[in-house]
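Modelling step: build the complete structure from the supplied sequences, incorporating the hints.
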Amino acid sequence: MPAVSKGDGMRGLAVFISDIRNCKSKEAEIKRINKELANIRSKFKGDKALDGYSKKKYVCKLLFIFLLGHDIDFGHMEAVNLLSSNKYTEKQIGYLFISVLVNSNSELIRLINNAIKNDLSSRNPTFMCLALHCIANVGSREMAEAFASEIPRILVAGDTMDSVKQSAALCLLRLYKTSPDLVLMGEWTSRVVHLLNDQHMIVSSASTDLQDYTYYFVPAPWLSCKLLRLLQCYPPPEDGAVKGRLVECLETILNKAQEPPKSKKVQHSNAKNAILFEAISLIIHYDSEPNLLVRACNQLGQFLQHRETNLRYLALESMCTLASSEFSHEAVKTHIETVINALKTERDVSVRQRAADLLYAMCDRSNAKQIVAEMLSYLETADYSIREEMVLKVAILAEKYAVDYSWYVDTILNLIRIAGDYVSEEVWYRVIQIVINRDDVQGYAAKTVFEALQAPACHENMVKVGGYILGEFGNLIAGDPRSSPLVQFNLLHSKFHLCSVPTRALLLSAYIKFINLFPETKATIQEVLRCDSQIRNSDVELQQRAVEYLKLSSIASTDVLATVLEEMPPFPERESSILAKLKKKKGPGAVSVTELEDNKREGGELNGGSDRGPDTAAMASTPSPSADLLGIRSAAPIGAAPTSAGSLLVDVFSEAGPAAPSAAVNDDGFLRFVCKNNGVLFENQLLQIGIKSEYRQNLGRMYLFYGNKTSVQFASFSTTVSCPGELQSHILSMDFYFTCSLTKPVEPLVEGGAQIQQVLNIECITDFSDAPLLNIKFRYGGALQNLTLKLPVTINKFFQPTEMSSHDFFQRWKQLSQPQQEAQKIFKANHSMDTEVLKAKLLGLGMALLDNVDPNPENYVCAGVIQTKSQQVGCLLRLEPNAQAQVLHIDATALCLDKMNHCASIPPVISGAALKTCKTRHGHTSSEDKSCVGKESISQELRILQKGDKQD
Numbered sequence: 001m002p003a004v005s006k007g008d009g010m011r012g013l014a015v016f017i018s019d020i021r022n023c024k025s026k027e028a029e030i031k032r033i034n035k036e037l038a039n040i041r042s043k044f045k046g047d048k049a050l051d052g053y054s055k056k057k058y059v060c061k062l063l064f065i066f067l068l069g070h071d072i073d074f075g076h077m078e079a080v081n082l083l084s085s086n087k088y089t090e091k092q093i094g095y096l097f098i099s100v101l102v103n104s105n106s107e108l109i110r111l112i113n114n115a116i117k118n119d120l121s122s123r124n125p126t127f128m129c130l131a132l133h134c135i136a137n138v139g140s141r142e143m144a145e146a147f148a149s150e151i152p153r154i155l156v157a158g159d160t161m162d163s164v165k166q167s168a169a170l171c172l173l174r175l176y177k178t179s180p181d182l183v184l185m186g187e188w189t190s191r192v193v194h195l196l197n198d199q200h201m202i203v204s205s206a207s208t209d210l211q212d213y214t215y216y217f218v219p220a221p222w223l224s225c226k227l228l229r230l231l232q233c234y235p236p237p238e239d240g241a242v243k244g245r246l247v248e249c250l251e252t253i254l255n256k257a258q259e260p261p262k263s264k265k266v267q268h269s270n271a272k273n274a275i276l277f278e279a280i281s282l283i284i285h286y287d288s289e290p291n292l293l294v295r296a297c298n299q300l301g302q303f304l305q306h307r308e309t310n311l312r313y314l315a316l317e318s319m320c321t322l323a324s325s326e327f328s329h330e331a332v333k334t335h336i337e338t339v340i341n342a343l344k345t346e347r348d349v350s351v352r353q354r355a356a357d358l359l360y361a362m363c364d365r366s367n368a369k370q371i372v373a374e375m376l377s378y379l380e381t382a383d384y385s386i387r388e389e390m391v392l393k394v395a396i397l398a399e400k401y402a403v404d405y406s407w408y409v410d411t412i413l414n415l416i417r418i419a420g421d422y423v424s425e426e427v428w429y430r431v432i433q434i435v436i437n438r439d440d441v442q443g444y445a446a447k448t449v450f451e452a453l454q455a456p457a458c459h460e461n462m463v464k465v466g467g468y469i470l471g472e473f474g475n476l477i478a479g480d481p482r483s484s485p486l487v488q489f490n491l492l493h494s495k496f497h498l499c500s501v502p503t504r505a506l507l508l509s510a511y512i513k514f515i516n517l518f519p520e521t522k523a524t525i526q527e528v529l530r531c532d533s534q535i536r537n538s539d540v541e542l543q544q545r546a547v548e549y550l551k552l553s554s555i556a557s558t559d560v561l562a563t564v565l566e567e568m569p570p571f572p573e574r575e576s577s578i579l580a581k582l583k584k585k586k587g588p589g590a591v592s593v594t595e596l597e598d599n600k601r602e603g604g605e606l607n608g609g610s611d612r613g614p615d616t617a618a619m620a621s622t623p624s625p626s627a628d629l630l631g632i633r634s635a636a637p638i639g640a641a642p643t644s645a646g647s648l649l650v651d652v653f654s655e656a657g658p659a660a661p662s663a664a665v666n667d668d669g670f671l672r673f674v675c676k677n678n679g680v681l682f683e684n685q686l687l688q689i690g691i692k693s694e695y696r697q698n699l700g701r702m703y704l705f706y707g708n709k710t711s712v713q714f715a716s717f718s719t720t721v722s723c724p725g726e727l728q729s730h731i732l733s734m735d736f737y738f739t740c741s742l743t744k745p746v747e748p749l750v751e752g753g754a755q756i757q758q759v760l761n762i763e764c765i766t767d768f769s770d771a772p773l774l775n776i777k778f779r780y781g782g783a784l785q786n787l788t789l790k791l792p793v794t795i796n797k798f799f800q801p802t803e804m805s806s807h808d809f810f811q812r813w814k815q816l817s818q819p820q821q822e823a824q825k826i827f828k829a830n831h832s833m834d835t836e837v838l839k840a841k842l843l844g845l846g847m848a849l850l851d852n853v854d855p856n857p858e859n860y861v862c863a864g865v866i867q868t869k870s871q872q873v874g875c876l877l878r879l880e881p882n883a884q885a886q887v888l889h890i891d892a893t894a895l896c897l898d899k900m901n902h903c904a905s906i907p908p909v910i911s912g913a914a915l916k917t918c919k920t921r922h923g924h925t926s927s928e929d930k931s932c933v934g935k936e937s938i939s940q941e942l943r944i945l946q947k948g949d950k951q952d
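Numbering-wise (the UniProt record's numbering), the sequence shown opens with residue 1 and increments by one.
Keep in mind that a hint or two might mislead.
Said to hold, decoys possible - Only pairs whose alpha carbons sit at most 25 Å apart, straight line, appear in this in silico DSS-like list of lysine-lysine: (1) Lys117 - Lys87; (2) Lys262 - Lys226; (3) Lys48 - Lys87; (4) Lys825 - Lys839; (5) Lys35 - Lys45; (6) Lys839 - Lys828; (7) Lys839 - Lys333; (8) Lys31 - Lys43; (9) Lys57 - Lys35; (10) Lys344 - Lys369; (11) Lys333 - Lys369; (12) Lys814 - Lys709; (13) Lys43 - Lys57; (14) Lys117 - Lys177; (15) Lys243 - Lys839; (16) Lys243 - Lys226; (17) Lys226 - Lys265; (18) Lys447 - Lys522; (19) Lys814 - Lys825; (20) Lys333 - Lys344; (21) Lys57 - Lys31; (22) Lys777 - Lys177; (23) Lys87 - Lys45; (24) Lys522 - Lys551; (25) Lys87 - Lys43; (26) Lys177 - Lys226; (27) Lys45 - Lys57; (28) Lys35 - Lys24; (29) Lys87 - Lys57.
Simulated from the structure, these hints should not be mistaken for lab results.
In structure tokens:
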């Protein structure tokens with residue numbers, strides 16, 4: 001940049017700024033500003049021959065006044081006139097004013113664009129850089145439309161100076177982020193990529209050949225970080241050689257991080273750690289290398305006790321993401337004590353919050369009680385800004401991993417006691433829904449809440465829960481003299497006058513319920529309802545309830561009263577409203593797929609889950625069937641038709657892939673999900689689609705996350721799921737709904753940067769081979785986008801692992817010796833046969849991996865049962881690896897279990913791959929012949945394993 005001459009000091013501007021700083025009050029400041037604005041306005045209107053220096057000075061004053069928070073409604077044309085000046089300082093101030101004060105709808109935009117075009121074509125590097133900076137700073141769609149085709153030419157031109165190339169690269173990146181549909185690189189792409197080999201460090205870094213450049217013993221740390229971040233924008237490479245090379249680089253970075261530091265200066269450790277964290281982010285992004293994920297977790301674990309607060313924060317944040325990976329979740333759990341200690345002892349509240357987030361992410365059935373107890377303990381001293389979120393997380397974990405429902409009730413009541421002010425309606429609604437839907441916990445809940453209400457200081461939310469539960473189930477503890485009906489009523493009524501109007505209304509409803517449950521309390525309660533403070537209450541709602549309940553209890557017979565005030569029916573099953581509230585609290589678009597994968601592993605929700613708030617005054621009674629643990633409502637039964645003997649399971653271990661789909665169907669990410677349930681299914685420059693799924697017996701639920709990666713709104717957004725061919729009668733997927741309502745369709749508008757969710761319920765009726773298809777349609781920039789994907793629903797998802805001893809395994813193996821009951825496959829391994837990787841694939845397949853069963857310790861033995869609505873089919877599997885020859889040998893046997901009771905020689909124990917009936921293959925016609933299993937069907941189980949060796 002040219003040096004600023006001595007005369008460019010703008011003394012008048014310095015004096016004005018000094019006057020503003022010396023003002024003693026806001027009024028004095030406004031008076032001085034108004035005086036200056038009047039002076040500037042008169043200069044602009046009266047002096048037509050105002051020189052460039054004066055224009056620049058006055059425009060600078062206007063800019064300063066604007067930055068102080070005052071509106072500026074003139075001076076724009078003078079700033080535009082400065083753009084035509086040949087002096088750098090005048091042109092610079094003109095561009096600065098435009099970047100800050102001129103919006104894209106201004107009438108001056110055409111003049112501004114013309115001035116920018118003149119500077120871009122001037123070949124003056126200083127003026128070109130100023131114009132490029134202005135385009136990048138404004139970054140509007142209008143700017144992209146005007147210059148998106150011009151900037152790539154400047155970037156790849158041979159005579160463009162390096163500083164201009166850098167500015168052009170950064171400007172192009174800015175326009176691509178704001179308007180990717182307008183930045184169509186086309187022929188420029190390959191030429192821009194060559195800039196990575198530019199010998200000028202700034203150009204290669206901005207367009208992100210590591211140069212011979214070392215910063216405190218770390219080679220080119222800024223460029224390394226940019227390249228690692230660039231790779232995170234793309235899916236893992238499919239080429240085995242490229243992927244192997246990339247894994248080697250990541251391993252080298254992890255190894256370097258373990259080496260002793262070559263310098264004690266902070267710059268060395270900062271550069272080294274910056275590259276390490278970007279490498280770990282890339283490992284997490286790929287989520288396909290178990291060894292790297294575990295090593296990354298161990299490396300982050302070393303930072304959890306580092307003296308640098310920033311490193312501890314970053315380590316906790318990265319481990320939150322690692323906890324959602326199937327490969328590294330167990331490794332993350334080993335650091336639970338360190339994380340709990342951080343939650344208790346960290347001074348920085350942001351680090352404590354990240355520790356709480358990590359505990360939430362690493363929670364599963366094995367450690368749920370410990371984590372919930374620690375989070376409850378932390379709540380008592382937690383920072384007020386995060387208490388509400390902590391309450392929601394505790395409530396979600398307690399519900400999700402509750403095996404003992406009495407523990408769940410204790411946890412929520414303790415939560416209300418500790419942080420009652422932060423317990424939202426969704427939390428106490430949910431505990432009531434679950435108690436009503438669970439007969440086995442109702443008595444315990446009534447006893448526990450009765451004891452909690454005896455505390456001298458009781459939070460109003462506790463009174464709400466107590467009023468509702470005692471009004472419904474107080475009779476279950478009325479046999480104890482210490483909790484007799486009158487004692488219960490007096491305890492509730494002692495809290496009445498301290499509560500708000502909504503809580504009083506709920507208590508009045510509990511009182512009328514008491515009259516039905518305990519007729520002996522009728523006179524006492526009627527006296528309360530009859531008093532002036534009730535029937536003449538200034539609140540209309542309380543007055544109406546008191547009058548109506550008093551009249552109802554007086555004129556209605558016992559039978560009528562029992563009918564009207566009968567026990568509340570079970571609530572219909574829906575997604576937990578607490579989880580929905582937590583997502584909403586995170587903010588729109590802030591919940592990524594990996595953040596939501598903490599719901600991925602075990603269990604679904606407890607029974608009950610309506611979003612409506614419970615109210616004992618609501619007397620409508622509608623029967624509701626018991627919901628399964630996953631919350632999937634079964635549809636009407638569909639008869640299972642016999643299927644052909646074609647391919648049943650996706651081929652995931654063979655070298656040859658499955659039959660090619662039609663050109664319109666995208667199945668690039670399909671096979672990656674055969675042995676895992678969570679991850680990114682599809683991603684391009686506009687849209688990211690992530691999934692997480694869970695299966696229980698023959699039922700499944702798949703969460704689909706649609707993320708708008710652009711800053712532009714998607715219009716007419718719609719999704720449909722179809723089942724091709726025979727699959728329609730084999731997989732039931734009739735309930736496809738948006739998260740906030742079971743019946744509401746997906747919203748047609750998806751804002752830029754936002755993410756929405758849909759849920760697909762699945763029921764496996766019988767075996768199947770085709771996968772359901774997901775079609776997404778939306779308009780982006782006026783153009784219709786149409787995408788069809790294969791949903792990763794494969795038959796092995798319905799496996800139920802089966803444990804057995806070595807004796808039982810081989811006894812059944814010998815019994816399943818008919819040719820049509822066994823299939824074998826021998827194939828070449830595509831990668832090194834790592835023990836942990838093979839175990840992860842077999843476990844991901846859904847079968848139980850049996851230890852100490854095969855006489856050869858190098859072999860792997862599995863057993864499982866695939867559950868369908870029409871039948872259960874058993875499978876035994878042996879995998880024999882030959883490390884020297886790099887060959888894998890798989891042998892599998894299978895038998896339908898539904899007819900095993902007719903075969904005295906075959907003990908009814910296990911089943912595995914969901915195999916087709918043999919009606920068409922063997923000519924059988926009777927239903928008894930369904931126990932026969934074809935060899936071709938068994939081979940599908942093997943191809944799942946074989947293809948996985950190639951994909952994973």
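Structure-based check of each hint:
no.	hint	verdict
1	Lys117 - Lys87	17 Å, holds
2	Lys262 - Lys226	23 Å, holds
3	Lys48 - Lys87	20 Å, holds
4	Lys825 - Lys839	18 Å, holds
5	Lys35 - Lys45	16 Å, holds
6	Lys839 - Lys828	18 Å, holds
7	Lys839 - Lys333	19 Å, holds
8	Lys31 - Lys43	19 Å, holds
9	Lys57 - Lys35	16 Å, holds
10	Lys344 - Lys369	17 Å, holds
11	Lys333 - Lys369	14 Å, holds
12	Lys814 - Lys709	55 Å, violated
13	Lys43 - Lys57	12 Å, holds
14	Lys117 - Lys177	22 Å, holds
15	Lys243 - Lys839	21 Å, holds
16	Lys243 - Lys226	19 Å, holds
17	Lys226 - Lys265	23 Å, holds
18	Lys447 - Lys522	22 Å, holds
19	Lys814 - Lys825	18 Å, holds
20	Lys333 - Lys344	18 Å, holds
21	Lys57 - Lys31	20 Å, holds
22	Lys777 - Lys177	22 Å, holds
23	Lys87 - Lys45	23 Å, holds
24	Lys522 - Lys551	12 Å, holds
25	Lys87 - Lys43	21 Å, holds
26	Lys177 - Lys226	16 Å, holds
27	Lys45 - Lys57	16 Å, holds
28	Lys35 - Lys24	16 Å, holds
29	Lys87 - Lys57	14 Å, holds
Hint violations for this structure: number 12 only, all remaining hints satisfied.
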